[in-house]
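Chain by chain, the residues run as shown.
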Amino acid sequence: MNEIIIRLKRFYENHKIITILIGSILLLLMPVIFPKSYIMGIICRILLYMILAGGLNVINGYSSQFCIGYAGFFCIGAYTEAILAVKLKINFWLLLPVAGIFTAVAGLLLCLPTLKLKGKYLALVTLGFSEIVRLVALNWSSLTGGPMGLKGIPVPRIFGIQFKSSLSYYYIFLLLVVVFLFVTRRVINSRIGRAWMSIREDEQAARSLGVDTYKYKALNFMYGAFWAGIAGAAYAPYTRYIDSTFFTLDEGFNILSMVIIGGMGTLVGPMAGSVVVNFLTELLRPISEYRMVAYAILIIAMMWLRPQGLFGASNSILAGRKINKKIRKAKKEVAA
Amino acid sequence: MKVLLEAKSVSKHFGGLKAVDKVDMVINEGDIFGIIGPNGAGKTTFFNLCSGVFPVTGGEIFFNEENITNLRPDIIAKKGMARTFQNIKLFNYMSVLENIKIGFHIHSKTRMWDSILHTSVYKRDEKLAEEKGLEIIERVGLKDYKDTLAGNLAYGMQRRVEIARALALDPKILLLDEPAAGMNPNETMALMEFIKKLNQEGYTIAVIEHDMKFVMNTCNRILVLNFGKKICEGDSECVKANKEVNEAYFGKGIMVQGGTM
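Residue numbers (the numbering used here), protein chains in the order written: chain W, 1 to 336; chain E, 337 to 597.
Keep in mind that the hints are not guaranteed to be accurate.
[Said to hold, decoys possible] Covered stretches of chain W, going by a simulated chain E footprint (3 or more residues, C-beta under 8 angstroms):
no., region
1, 180-192
2, 197-209
[Unchecked claim] Here are the simulated DSSO-like cross-link-like pairs (lysine-lysine), alpha carbons at most 27 angstroms apart as the crow flies:
no., chain 1, residue 1, chain 2, residue 2
3, E, Lys479, E, Lys463
4, W, Lys215, E, Lys468
5, W, Lys116, E, Lys479
6, W, Lys16, E, Lys482
For the record, the hints were derived by calculation from the structure and aren't laboratory data. Note that CB positions come from ideal geometry on N, CA and C, so glycine has one too.
Chain W on its own, in the form it takes in the complex (with noise of 0.2 angstroms):
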């Protein structure tokens, strides 16, 4: 397996600008190739969990805070769509920077107070969290429908077109991967990103070196929720109607099985992640609950063969030595 992804990653690096016109020309005809609507609703989900997977990734895989709570961010950006634009009438587009604001501030009000904590300890506080936000959308029923749900999510428009069948929702979330991916690999390569890294590698050198790691911490949770939020408003109009079952601790879960499957730490990695989750849960549904087992037993296969993930790198903090030593000899045997 590792052979096949080293010889992807040579064979796009070697014909970089013709495998990313391909790669644009077939992904804005997507909808023309695959009419069928049930195809295009699976590749819009796909887009929907990249950004929700990429988003996870930022704060887990950049900085290694570990959140495994993602959904309750999601959940927020959902509902604040869904709230504003069935009372209130406001227009999707703005919408959508105002969920994921929204979010952002929740992202930061969780991080407050848990900016001292740590690993496993952090990830039970977000885990806390996005049971808590669940249950205040189930229970909270003068504004959020409580179990009865939301109804009627206004489809969001522009020139006179409809984004109503998933046909043309596509376009919507492509769109949005599309700025997600571009934003994020800027802010990943500039000083912000490389504060992140420094968190992840050593937090107490990273402060002497006078990078304020509470805030930068914050900063970076905060822009992780606010992808979920953005996420969660696309995705509310998308379906028409939420209620609080689809943003359970299962979704947490699921958001980050596709991280770590993908690869921690890459901008591509939760990209094929979702890529494999999703393929993979369409073509399961048959056995329906068993494919939880049979995503337990990819992870654990992930962790033995390729712990960093599909498209992870081989020098990644994840590799751990057994990959490590292979590329030593292989880079050996290369020099001699």
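Fit chain E to the supplied structure of chain W, relying on the hints for placement.
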């Protein structure tokens, strides 16, 4: 001469253990200041107090005539104090250049929107980090390794990267915690020259070290700690002659008549 770093009766107690007990210290601008003492004397703890890693139990620390007692490490770093660690703390999964770029963090101002829109602030910061980073790398002689992951370097080189990273802060004072640990004699010699060179360029340096040859040859003033207490402060001759220092290192010998051991 201007006093750069001053500790006034600084203490740190861990429960009943007095790791650092009422230590006074004065480092003047331009010094190479050595801190020595047997294992467990509290040298590293003392450094940690100065750089803000732990809060002090008692006493005050002044840096550049400013009270920095119990400030956060990142704030102290911004004021111009850089340090290295006894057990090297590099960003192992980042390249050498990236490690050093983080040292420029306090000199850059890029905000989120700057990085997204690639504004002039972003471009200036990146240019500064890239150019000065390469300059520092060349100065410490790691030019060939700029893209190597820091964790993959040899031990001696990792030490150099750590010093280079601290230099990127352009500090007024550099605290080095056992920079020669684990180095062979040749590497130690090179390090000694390097530190002297830095000192000539105007950096004030405080260094904890076990290698006596190193300390006696480079430091102009030396502080000796034992069991958290200051037992001697002065130049190398004065320290060598000090009875308490000899006792701390060699034990209380049987005193032969005439006073020699």
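Against the structure, the hints come out as follows:
| no. | hint | in the structure |
| --- | --- | --- |
| 1 | 180-192 | holds (count 7) |
| 2 | 197-209 | holds (count 10) |
| 3 | Lys479/E to Lys463/E | holds (18 angstroms) |
| 4 | Lys215/W to Lys468/E | holds (26 angstroms) |
| 5 | Lys116/W to Lys479/E | violated (37 angstroms) |
| 6 | Lys16/W to Lys482/E | holds (25 angstroms) |
In terms of the numbered hints stated before, the structure departs from hint 5 and from no other.
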